[in-house]
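Put chain B on the given structure of chain A with help from the hints.
If you read the sequences in order, they're chains A and B. First residue of the first sequence? That's 0 in numbering that gives the first Met the number 0, and the numbers climb one at a time after it. First residue of the second sequence? That's 0 in numbering that gives the first Met the number 0, and the numbers climb one at a time after it.
Bear in mind the hints are in silico, worked out from the structure with no lab data behind them. One thing to keep in mind: the hints can contain errors.
Quick list of in silico lysine-lysine cross-link-like pairs, BS3-like style, CA-CA up to 30 Å [as the list claims (entries may be wrong)]:
1. B/Lys-163 x A/Lys-473
2. A/Lys-385 x B/Lys-463
3. A/Lys-109 x A/Lys-516
4. B/Lys-463 x B/Lys-384
5. B/Lys-28 x A/Lys-473
6. A/Lys-473 x B/Lys-27
7. B/Lys-384 x A/Lys-385
8. A/Lys-400 x B/Lys-384
9. B/Lys-458 x A/Lys-473
10. B/Lys-28 x A/Lys-385
11. B/Lys-163 x A/Lys-400
12. B/Lys-458 x B/Lys-604
13. A/Lys-385 x B/Lys-613
14. B/Lys-28 x A/Lys-400
15. B/Lys-366 x A/Lys-400
16. A/Lys-516 x A/Lys-400
17. A/Lys-112 x A/Lys-385
18. B/Lys-111 x B/Lys-463
19. B/Lys-613 x A/Lys-400
20. B/Lys-111 x A/Lys-473
21. B/Lys-628 x B/Lys-613
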Amino acid sequence: MESSILTLLIFVPVAGAVLMLFFAMLYGKENAHYYKWIAAITTGIQLVLAGILYLNFDPALSITESPFTVQLNWITHFNIQYFLGVDGLSIPMVLLTALLSFICIISSWKIEKQALGYFSLFLLLDAGMMGVFLSMDFFLFYIFWEVMLLPMYFLIGIWGGPQRMYAAIKFFLYTLFGSVFMLLALLALYYYSDPHTFSLITLIQTVGSIDATLWGLSVKYLIWMALFIGFAIKVPIVPFHTWLPLAHVEAPTAVSVILAGVLLKMGTYGFLRISYPLLPGEMVNFAYILAVLGVINIIWGATNAIAQIDLKKMVAYSSVSHMGYVLLGIAAAISDSPAGAQAGMNGALMQMFNHGTITAMLFLLVGMLYDRTHHRWIVFPNDYEKPELAGQQGFGGLGAKVPVYTGFVAFAFFAGLGLPALSGFISEAMCFIGGFSVFRTLTIIATLGILLNAIYFLRAYQRIFLGPLNETYKDLPDITHRELFTIIPLAALILFFGVYPAPLLDMISPAMDGIIKIVQSVI
Amino acid sequence: MENYSTILALLNLFLPLLSFVILIFFGKKIGNSAHWVALTLIGSSLGIAVSFFANVFVDTGGPILETSVPWFSTGSFSVNLGFLINNEAAIMLLVVALISFLVHFYSVAYMKGDPRYSRYFAYLGIFTFSMNGIVLADNLLMMYIFWELVGLSSYLLIGFWFEKESAADACKKAFLTNRVGDIGMFIGIMILFLSIGTFQINGLIDGVHNGAFAGNMGLLTIAGILVFMGAVGKSAQFPLHIWLPDAMEGPTPVSALIHAATMVAAGVYMLVRIFPILTPGALEFIAVVGGITAIMAAIIAITQNDIKRVLAYSTVSQLGYMIMALGVGAYQAGFFHLTTHAMFKACLFLCSGSVIHAMHHALHELKDHDTDPQDMRNMGGLRDKMPITFWTMLIATLAISGVPFFSGFLSKDAILAGTLSYYHLHHGWTLFLPIAGFGAAVITAFYMFRLIFLTFFGKPANDKVYAHIHESPIQMTFPLILLAGLSFALFFTLPLSVNPIDNHGWFTEAVPMIENAAGLDMHVVEEGIHHAHYTAMGISLMVAAIGIFLAVLFYLLRKVDAAKVAGMANKLKLYNLSFNKFYIDEIYNIIIYKPFLALSWLCSKLDWDIYDQKFIDGWGWLTIKLSDKSGEVDYNWLDQKVVDGFGKITQYFGKTLQSTQNGVVQNYLLGGMLGVLLLIILIQQF
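Chain A with its partners taken away, still in its complex shape (with noise of 0.2 Å):
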């Protein structure tokens, strides 16, 4: 069982996405209830499978001594492994990738447009997203990066808004172009390291003895940068975000919240995973950059985020903002502080999961509002269809008609505006905590997202919940049964780690500490 449940949570949605297919053969492809049915079963197994991995797993143990790891043998000639591990940097992805993935097929309950090809779709990707955090061979990690990337295409450029092929293509070639970078990176790790392998393991103790040049740079150098531009584009680093408000904004609900909830997760743990135990030495002096760039991110995305009248796109900013706080701890991991180091790398993992939790639960709630009133303008923009209506607020005073949806918006919002005792408070106050102990005025410019994230949010609230209520709303509906089953876990992991963080640090630490340690050795 053990060795067998890392193999399970890639391929039960697999397993999923054919049973589909033999039900479409069978019934027709009409029949949507058939492949929802299956999609929530599925990703319900699966998401049982991570609570049993969960509930054994053993936070001390590295890969190597992990009782579910998997190692073998794939294509020999080439010394590629199908080589599946989890430790305490991906089991936090495992179970957000799990959780949202479960979430996302409930929330999608009401997609009626070719229901096969969605719900196939979303398992394919569920798959390759667990594959990305489980693979410990890079090859592999780098074929289920590109198998992610097809289903995404798909359900944006199928299911999308009005801009969606538009968008769908930008986010391809975006993300294609970074994998590029990264493929380069891959070969290059494969022929320079000796003996030639792409085990990540392997690797850390190898390429440390790589000193061959290119072009007069050093290859590690290279190859740093290289995979650097493959991650950056993922968290997404600005500049290279703006695939991020446009896919966001035309992608359905539930790709959204994936998009945002995991995709972006993958760029920070790419750093984490590869980047950093293989390259300390390129990332001890790449530190103070990426840390510029985090400042960068949290100031330039609140920045953006405040100016949008588009709500889904104003969540799209924030993300970027959030991200910002991911790479300001992660540059901590050079601190000589080691409560800096530690607050930093910890903070920034568990920013990566709250993050996760937050971020889907403002998608799902942005989602419903626009299922109720098929638009989701804060103000109107001056060439609205309407034009009576340009410029006017697109809603206004809803707080008094949907009350309980407007309780969990303002939960939410606070949650994304870093309120104590919601989860994202303990996170960020960590990055801070790290980032401030080696990059001092940096992170002060920083500290400004603590202002700018509440001003967008507050400012947002206001203008669509607060004031009279506009009555074209008069008969909004309050939020569903359904719509709740989606949003209270989310919400409940908001509040019970913003009280209680101890067991999700307690989870991932050790292997913090790990990664912490093979950086400081170069230093």
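Here is chain B on its own, set in the frame of chain A:
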């Protein structure tokens, strides 16, 4: 014993939260009996606070309760949660619980019939919870957490009637302005943590004492000033005071509880807690900010016509006093004033609430929606109609004006002695501090009596409204009477002194002077205050008398026409300056808010319309153009010309050679021979 106390402290903290949870989830079902839930739970919390307070009189030589448990940790980064109940905390707990309970009680009548009645009590519950958290916290991070949570509850309560745009604006403004201060506080906490390695207040004090900042006291000064930033926001000090007057959009009992007695005093309380690590440099800064706030807000209060706004600016001014007291080292006086102020200011606000309530009902009966029930110009002569409100408000006014026998006299006097002594020790510009202190004292007496005279004396502004005015019900007047009672000096000087102008009593015993670990010699400060005591008392008696006398002249006897004086003052634009609150809101709007929104708009244009649409999509465009070109080259040239060219040539030759395919065998043979010959020649060439 310790476990027992810990449980009590936990209950004290969490019972109000329980009230919040119950009322949020079951409020609809509970409906109009929501106040029973809240009163029971807050009442229990009050009982516990009283039991802690009883310990103030038992000298055990240590704090009443000090306990701490690990919250989360990883290696060297660990955070604890804990309680530290010393005498100051016990007093503060009682103040919070008492006022909170009275406000709950008062609200039963005041909020009757509100459609969100249960939610109102729920919000009061989460506020009391958060405020207790600040008081109990033994470490700065925990304090910061509850600090932000009171910000949340303040946001919810200011915006309670959120259908009003003004309320919706005010709650946002309050939260954001507070966050500006909180950023500073957070950075300050980070400096302290990274220098000493703990968030725990006692740990920090020990750290400073043991020389964690030795040779780098400048950093400690900066850290102190940064942490103080939090107090600047929360306690509405200049330049972040702008949110508090707007916060009056909330229901009046809320103003009494949060924006007068307790939350806004949290900044002062926090400084009391961290006082030992504030360096003389930081304290100097704090004193100046407090002094500016005290005098500036008092000046603004003179010209306001809205009864709540007068009280709001009065609160800002009094908070300035407390902060200034801390700054000049009069630690005890600052905290004393916090306590006395909580009683009389809560009383004043609840009285104003009683007046507004009466006005509101009168106007409601007359179906008059245009008259502002809070504008004092619409009142007048209410003394006879609302005797209890009048007398209690008068008592509280005497207290805030610093009249002997009332509590404000004692605490204000102690602060003024502190400022005088500070001047004696430092000379020079520090003269500003006593001037601000005594100046604000004159003005306070003046505007408070102006409020009393305009509201309760003179002729009613509108006889029809006057006819409909009634005294408020017992639920509202009972807290007034109680709080007015607590505004007498005697309550703070028992049992050591029954001489009401002597401030030695249980309070001074309970809150002794403490050592400062950051380089301030408290003995010198104490000595100085002791010396300045009688001078300060003399001057403060005089200034209170002047203020009251002027108010009598202007507004009771009407010997001087206030409008004329205002007009004269306005020759220098002085009246407008005060009436428009020194234009600070407008200045922020012009130099910060609007430019910032414009900047964010510009950034979004830059980010999307220029960077993405032009630059990033430019690459796409370039790629498409290039591939068009390469496609053209590929097809028009390579394919059509070169490849097809070969074809065409072949075709041409084919056509041409077709004629040779005429079936004449000799010709074929000849061709073959020529071919072979050509091959031989070619081969020989290589």
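Hint check:
no., hint, in the structure
1, B/Lys-163 x A/Lys-473, "17 Å, holds"
2, A/Lys-385 x B/Lys-463, "49 Å, violated"
3, A/Lys-109 x A/Lys-516, "49 Å, violated"
4, B/Lys-463 x B/Lys-384, "13 Å, holds"
5, B/Lys-28 x A/Lys-473, "23 Å, holds"
6, A/Lys-473 x B/Lys-27, "20 Å, holds"
7, B/Lys-384 x A/Lys-385, "56 Å, violated"
8, A/Lys-400 x B/Lys-384, "40 Å, violated"
9, B/Lys-458 x A/Lys-473, "46 Å, violated"
10, B/Lys-28 x A/Lys-385, "42 Å, violated"
11, B/Lys-163 x A/Lys-400, "15 Å, holds"
12, B/Lys-458 x B/Lys-604, "60 Å, violated"
13, A/Lys-385 x B/Lys-613, "28 Å, holds"
14, B/Lys-28 x A/Lys-400, "18 Å, holds"
15, B/Lys-366 x A/Lys-400, "27 Å, holds"
16, A/Lys-516 x A/Lys-400, "54 Å, violated"
17, A/Lys-112 x A/Lys-385, "27 Å, holds"
18, B/Lys-111 x B/Lys-463, "24 Å, holds"
19, B/Lys-613 x A/Lys-400, "42 Å, violated"
20, B/Lys-111 x A/Lys-473, "26 Å, holds"
21, B/Lys-628 x B/Lys-613, "21 Å, holds"
Violated hints, in rising order: 2, 3, 7, 8, 9, 10, 12, 16, 19; the structure is consistent with all others.
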